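Kindly generate the complete structure, drawing on both the sequences and the hints.
Letter by letter, the chains look like this.
Number of protein chains: 2
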Amino acid sequence: MNNSLKTSLYLALIHYPVVNKKSEVIASAVTNLDLHDISRAARTFGAKAFYVVTPLMDQQDICRNIIRHWVDGWGAKFNPDRKEALAMIRIRDSLDDVKREIAHLEGKAPKTVATGARVGSLGKSKEIRFDDLRRMLMAHQPWLLLFGTAWGLASSVTGESDHVLEPVTGPGNYNHLSVRSAAAVILDRLLGRPSDSKV
Amino acid sequence: MNNSLKTSLYLALIHYPVVNKKSEVIASAVTNLDLHDISRAARTFGAKAFYVVTPLMDQQDICRNIIRHWVDGWGAKFNPDRKEALAMIRIRDSLDDVKREIAHLEGKAPKTVATGARVGSLGKSKEIRFDDLRRMLMAHQPWLLLFGTAWGLASSVTGESDHVLEPVTGPGNYNHLSVRSAAAVILDRLLGRPSDSKV
Chain A
845 MNNSLKTSLY LALIHYPVVN KKSEVIASAV TNLDLHDISR AARTFGAKAF YVVTPLMDQQ
905 DICRNIIRHW VDGWGAKFNP DRKEALAMIR IRDSLDDVKR EIAHLEGKAP KTVATGARVG
965 SLGKSKEIRF DDLRRMLMAH QPWLLLFGTA WGLASSVTGE SDHVLEPVTG PGNYNHLSVR
1025 SAAAVILDRL LGRPSDSKV
Chain B
845 MNNSLKTSLY LALIHYPVVN KKSEVIASAV TNLDLHDISR AARTFGAKAF YVVTPLMDQQ
905 DICRNIIRHW VDGWGAKFNP DRKEALAMIR IRDSLDDVKR EIAHLEGKAP KTVATGARVG
965 SLGKSKEIRF DDLRRMLMAH QPWLLLFGTA WGLASSVTGE SDHVLEPVTG PGNYNHLSVR
1025 SAAAVILDRL LGRPSDSKV
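Protein chains in written order, with this note's numbering: chain A, 845 to 1043; chain B, 845 to 1043.
Treat the hints as calculated values from the structure; they're not laboratory data.
None of the hints are false.
Identical copies carry no separate label here, and so any pair may be met within one copy or between two of them.
Cut-off 25 Å, straight-line C-alpha distance, at most; resulting in silico cross-link-like pairs (DSS-like, lysine-lysine): (1) K866 / K927; (2) K927 / K865; (3) K955 / K970.
Computed from a predicted model, the values in this text were never measured in an experiment.
Next comes the structure, spelled out in structure tokens:
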């Protein structure tokens, strides 16, 4: 089943509000390879846009410089595939701005799905499985997947999201993937795989 | 089906021989986040070790410094989960050294599986599908997955490998994932998913 052509799936990488190791709410710095890896995965698996959310103007400037290099600058000629990926990035001040923009584009507010290695007490009641979300993506409805940087999304984000996706796990108890790896695996589970594969 | 506990799967990230944009054989530089992301995915999905292959001594030194920081240094106390992942890395001069070491450890030479976005003419005849490889991993046999840096594995590596894994694709023609993202998706397809999920 290949459902990506019928879905309106957006991604947002949140740099504020997220938590640090002590569970304090912080604004994290932007990581260059987050932009590259997640935009390439977004493009590969058919997401509609990749929002980078930070209220810090210097961090927004860093993002713009990176994107400019690959979309308009020398990098665009050197590697047109990379241009195609990074052109999917939109920098926004807040998650609310992202939701408003998608609602405007799609004519309907997006359903938000928080991701993370730990679902936590706030998320437990609205945890959703990959198989179920994959089916739900077929509905005529925009979806917004939320990824946290640093030690993960602040509980305020998880608390306000419509659903919380089950964590990506392997066979054991260790599930400390980078946000880049987690985003790729999640997109593959939701939108990927050859059309003749079973899910 | 959860087959990871019965498998002996090893990973190797090849920095030589790989190709550049012009398909010339080169030795690539090590990327810090390759070490972090792929070791974390290897640990999450239950691979037995993660070999970083480069003949360049200065690149080996860079690797050792990174690993030392996270396994023995300040990083080990700050983030014990990261220590557990990076402790899986073994730096070796060549793919032949890796194969010999695994044969010594396992009492049997590993079957090698080349990965890449383009299977190429050399690989077409021995292309293997995810579903088939997932089943084959159950056999009492060590396996070695080969990942290329830069523009991918040199044709000599693909030519000598036992199998070539089908590329990771999304719904469209674009499949330019980073090696970090591709490794995570491939490990998930081969070893991941909750035990009650269909594959």
